[in-house]
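Enquirer: Protein chains in written order, with the UniProt record's numbering: chain Y, 1 to 247; chain U, 1 to 458; chain W, 1 to 189.
Simulated from the structure, these hints should not be mistaken for laboratory data. It is possible that some hints are incorrect.
Which residues of chain Y face chain U? A partial, calculated answer using Cβ under 8 angstroms [stated by the list, open to error]:
1. Leu14
2. Ile20
3. Thr40
4. Pro45
5. Lys61
6. Arg139
7. Thr142
Here are the simulated DSSO-like cross-link-like pairs (lysine-lysine), alpha carbons at most 27 angstroms apart as the crow flies [stated by the list, open to error]:
8. U:Lys372 - Y:Lys61
9. U:Lys367 - W:Lys60
10. Y:Lys67 - U:Lys400
11. Y:Lys2 - Y:Lys128
12. Y:Lys145 - U:Lys36
13. U:Lys161 - U:Lys176
14. U:Lys28 - U:Lys160
15. U:Lys78 - W:Lys4
16. Y:Lys145 - U:Lys367
17. W:Lys4 - U:Lys294
18. U:Lys445 - Y:Lys86
19. U:Lys367 - Y:Lys156
20. Y:Lys86 - U:Lys372
21. U:Lys367 - W:Lys42
22. Y:Lys67 - Y:Lys104
23. U:Lys161 - Y:Lys145
24. U:Lys372 - Y:Lys37
25. U:Lys445 - Y:Lys61
26. U:Lys445 - Y:Lys28
27. Y:Lys37 - U:Lys442
28. Y:Lys104 - U:Lys294
29. W:Lys18 - W:Lys4
30. W:Lys18 - U:Lys294
31. U:Lys442 - Y:Lys128
These numbers come from a predicted model, not from an experiment. Beta carbons: idealized from backbone N, C-alpha and C, even for Gly.
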Amino acid sequence: MKIALFIPCLVNQLMPQVAIATLELLEKLGHQVILPKGQTCCGQPMTNSGCFNEARSTVLKLLNAFKGVECDAIVCPAASCLVAAKENFHEFDDSPEAQAVINKLYELTEFLHDIAPVEAFTRPFPHKVSMQMSCHGLRMLTLAKASELMSPGYNKLEALLNKVPAIEVVYPEPHDECCGFGGTFAMDEGAVSAKMGKDKASAHANTGASYVVGYDPSCLMHLDGMIRRLQLPLETRHLAQILNEAI
Amino acid sequence: MATTTTANHAEKAEIFCRDETRVDWHSKALWLLRQKRDRAASSLPEWEQLRELGSEYKLHTLSHLGEYLEQFEANCVKQGIQVHWAKNGEEHNRIVHEILSKHQVKKLVKSKSMLTEECHLNPYLEQHGIEVIDTDLGERIIQLNKQPPSHIVVPAIHLKKEEVGELFHEKIGTEKGASDPTYLTRAARQHLREQFLSADAAMTGVNMAIADQGAIVVCTNEGNADMGGNLPGLTLHSMGIDKMVPNMEAASVLLRTLARNAIGQPITTYSSFYHGPKPGGEMHIIIVDNGRTKALQDELLAESLKCIRCGGCINTCPVYRRSGGYSYNYFIPGPIGIAVGAQQDDTNTTAWACTLCGSCTYVCPTKVPLDKIISYQRRLKAEQGKLPYGKERYMPMVGKMMGSTTMFNCAMSVARFSLRYLPHSMLKPFSGAWGKYRELPKAPKTSFETWYNQNRSK
Amino acid sequence: MSSKSDILAALGSVALAKHPMPQVEIAPRLDDLIGQFEASLKAVGGTLVKEDAMSALQAKVAELVGEGQQVISQVADVTGNRETPEDPHALRDINYAVIDGEFAVAENGAVWVTEQGAGIRIAPFICENLLLVVRADSIVANMHQALKQVDLQSTGYGVFISGPSKTADIEQALVIGAHGACTLTVYLV
């Protein structure tokens, strides 16, 4: 497939290793991958703060970067940004061109699980990994059954990781409580955000895992800051990084 | 723990968080309720179907509310129930006081009613010389402690048993130093038994009002509503217009989810159907609006009225559990408190006391889209120019910067350079809450875009 | 009447689309209703007597009366030592109340008790111990079935009682015996 990468600002600027892993992984899987120019933030910091007027030009700039780009899918390795982009494109532009972009938007996990499924990965990753089920991917993209629901269980992140030989998947307790990042919440509500982050990082450490693995780079960055502050024997990894090494 | 009017949510939460042992204790106590809820919900294969039915029954009722309220009133009147209508809290209080003074009531026993909390009924009646005794154990504890509820279902959840023991020793004469919950509960039973027997009138809230029956349903575990409601001749029941359900079938759905979602019990110990005054007695129902019809004029805010006050969203909320019930500047805390009360918060911060994680929405037995409503409350605040935490200053700048490639790239290059080459101790003062609580990110050499242009782009 | 008409007028412009009345289409769990009821009742702190229950109840009440306990009974063939008063306050010293339940609910251990069955509304609450008599063939599966059986038109008051009164308002510690009865025994006849 021809894939256009949507690399949100945080990943582009502070976590390029996640974007590189995403690009290399998709290429190794045989896809043609391009990076449309002129991308920026999805507008989430503004719209989550209620500031829709302030978000408009940013959101439209991002949308314009994808309008008219020839591709089969637009893939993003950041669940929360992907959700915000979908909602915000819809909010500010109701044209058929905008809808065409929205229809092609996929988060990396759902793309690899639902759209272009991967059979198996060959190289073993003999480590225990603790699942970071970040909220927007979980409850808005339904990447897994959330613990609140009593419907049949599934987990697309775990399903993908289980295709990697020798990996051991474990869950923190509670399974899917918010890590406390929440965008500007991390700054506005520093004390609560930090306590949530500490509890989450400790829950991951209590599993005995070596890595915390997730699909949302912003949560992973927040957890990484907590893990290093608490000096826990853990490292954070994005799904793309694990899979790119395992292929 | 006293509530002040000036501090904003983050400030109150920061104070709450200073005692980490207590935060852990508080969080764990509430998470235990969430776990009990999960076990109870998972025992019913039809759980998700019940949530959908709960939502649909509520939407049906709210979209036909005028008809159902009139039907309800007519059926009540047939059974000899006296029905009153109040546009707001003041009118509600005035009606209650008129009924009580007509009967020369000196002492009123009251079971849990968040509506009377909303209307500030207790202070109003006390000013008029009527003694009000809250009879739910948790409510009695906080009434003796002169505090508002910190949770809508477990109002004294913020207090430790030793603190309750000390309070009871002082107020109702239990042994000094005694803190065993069974002992304290027995003492409260004796103390409140005397109040029930000497009350001139009783008042309860309403969990459901059934339109085609002219009946109200009151749910308690302690039996306090029924001890009150079935002793004195005069009983009053206050209900918001949102408590209406059309029929018994709708009630059966909500009676299956309410207690399971609240505390993990299959049903409350007592689910009482009051359908008329007791022989020789008088029964009054006061139907209250107090802003609810206004919420119904907005398609999204209207959904907040589907709430059946189980408190499940509060128990699961990771922010509530770590900031406490008194941090919200509203008498209802947590997600539902933000959804219905954010506009009344003068500090303009409670709408932001949320990570938008969505757990509340998924827990809710009537599918109130709490995270969407909270997000919308922020937008309403922003439109009024009432933004907290300096957002009115920096958000336009962020918008401008993100909208401009050059400015943004330039700013981020400086940020990456600083993070790589300057000692983090030097950066901490400029990194605000991030650096205070966490290590700063390890910065890469270049952005992905630069790497891509060097490695892929021809 | 003006507040009423103002409220109703405001409800004329509700922003919600008209939603149709839903229907409950949930298959009841009908296997072993007695077993389900027994498990539910135990979970909510109640006790079930099902072997020779009527004789057991009669013997129990005779014993209680013999001990001088204050017992009020509304159940035929079970004789207490107190009459139903007009003033509910007169029951302040009641130790045991014996009352017929109309039917029981398997999913939650609840028993439907009406004003007529109780003789006086306060009886099942003011007693220290509550003894309910329920017919074994009256157990329904769930609350949907239960509320179909409830006939409010024939009573001014009715209550589902599921176990003894309880509270967990002090540190989430479950304490049986709050304001209502401290024990509940169901005799299945």
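Enquirer: For which of the previously enumerated hints does the structure constitute a violation, in increasing order of number?
Expert: 7, 9, 11, 18, 21, 23, 24, 28
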